[in-house]
Amino acid sequence: MALTIFSGPYFVPRTTLSKSTNLSRPSLSPSRTVVVTALSSGASSSYWSSVNADIQNHLQRTVKAKPPLSVYEPLRHFALMAPPDDDVAAALCVASYELVGGQNRDKAVELAAALRLLYAVSYTHGPLLDPSGGGSGIVHEPYGASVRLLIGDGLLPFAIEMLVRPDKLVTEHSSRVLRVVKEVTHAIGSQGMVEGQYRETLRSKSSDGDEGLRYGHVEEICERSEKMEGKAYACSAACGAILGGGNKDDIDKLRSYGFNVGKIHGVLKKWRTEEGKENGVIMKKVEEMKDLAMKELESFEGEKVNVMYGLIDMYLGDVN
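Just so we're aligned: the sequence shown equals residues -18 to 301 in our numbering.
Because the hints were derived from the structure by calculation, they are not lab data. All values reported here derive from a predicted model rather than from experimental measurement. Every residue, glycine too, gets a C-beta built ideally from N, C-alpha and C. Not one of these hints is a red herring.
With a cut-off of at most 30 angstroms between alpha-carbon atoms, the simulated BS3-like pairs for lysine-lysine come out as follows:
#1 163 / 88
#2 88 / 276
#3 45 / 163
#4 88 / 229
#5 285 / 265
#6 229 / 285
#7 285 / 266
#8 47 / 88
#9 285 / 88
#10 266 / 276
#11 45 / 88
#12 265 / 276
#13 276 / 163
#14 266 / 229
#15 229 / 276
#16 229 / 163
#17 163 / 285
Distance windows between CB atoms, simulated:
#18 172 / 130: 20 to 26 angstroms
#19 148 / 126: 35 to 41 angstroms
#20 42 / 228: 29 to 35 angstroms
#21 131 / 182: 19 to 25 angstroms
#22 126 / 155: 38 to 44 angstroms
#23 31 / 268: 27 to 33 angstroms
#24 86 / 61: 18 to 24 angstroms
#25 233 / 45: 36 to 42 angstroms
#26 85 / 268: 33 to 39 angstroms
Go ahead and model the full structure; you've got the sequences and the hints to work with.
Here it is, written out as C-alpha cells:
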C-alpha cells in the first residue's frame, strides 16, 4: 500500500500572536512570557525556515542524478520537492535535538533529511490515491502514475539507508540510531501512517457517495489527523530527542508535544478544507490539544523552548 503522510491543501501560517489563541501559560513568570511572545512573532518563524533550508541543502548534496537518468532524475525530483511553508514535521527533529542539548546540528539535519524523504513519499503517491488531485498539493506534475509508484517505493528504502549507514552503526551512539529506526518504523507502520492512509481512502470514497467515513465529521477529522500529521510530528520530535541524548522523560514529553502539535496542524488544515464546518467543536478540540502540547514543554528551559511555543502560534495565528 502506498504511504500517504499528508494530503489536502495547506494554508500559509501567520506568526503574529492572535488574542483568540490564548497562549498564556500560568506557570510562566511575566518576564518569560514576554520573551516567548517576542520570539513567537519573528524569531520562531525564522528558525523553522532556517532549519527547512538546511534540510533542503543537505538533500541537494546527497541525492544525485546519475545513470540511469530515467530512474534517478524523477527520484531526485520528488526527493527535493520542497514541502509547504507550514510543514515543519522534519524540522521538528532538529529543534528537539537542540532542545535536549545536542551540539552537532549537522547530525540532526541528516536525520531530518531522511525523515523528509519519508514524507516525500506522500507527495509521490498522493495522486495515485486521489486521482482528482484534491489531496496531492502538486500542480503540473511531469511524471505519470507508473513512475510515481516506483519512485515512491524507492524513496522509502533510500531514507532507511540514510538512517543506518555503516559508519553510524560503529559509533558510540549506534544504540541511538537503532532506537530512531524503531521509532520511524512504528510511526509509518500499520498502526500509524498506513492506517491514516486507509482512513484517507475511506474519506475519498465517502465524498463520492460510497460507503465510508463521513468527511467533515469532527471525530473522523481528529482520528485522521492523529494517524497522519500526529504520528509524523511525534516521530520527528522523538527522533531528535533520542539522537540528542535526551533521557526517557524528555523523549516521551517531546513525542507527546509533537503528537499534539501535528494533530493541531492536521485538524486545522482539514477544517479549512471544510470552510469552517463545525468549527465550534473543532476549536474546542484544538484548544485541548494546545493545552496538552504546552504542558509537555513546562520542564524545559532556555531559548530553544521558545521556538516550540512559537510553532503552536504558527498554527493558531490564523484562527478567526
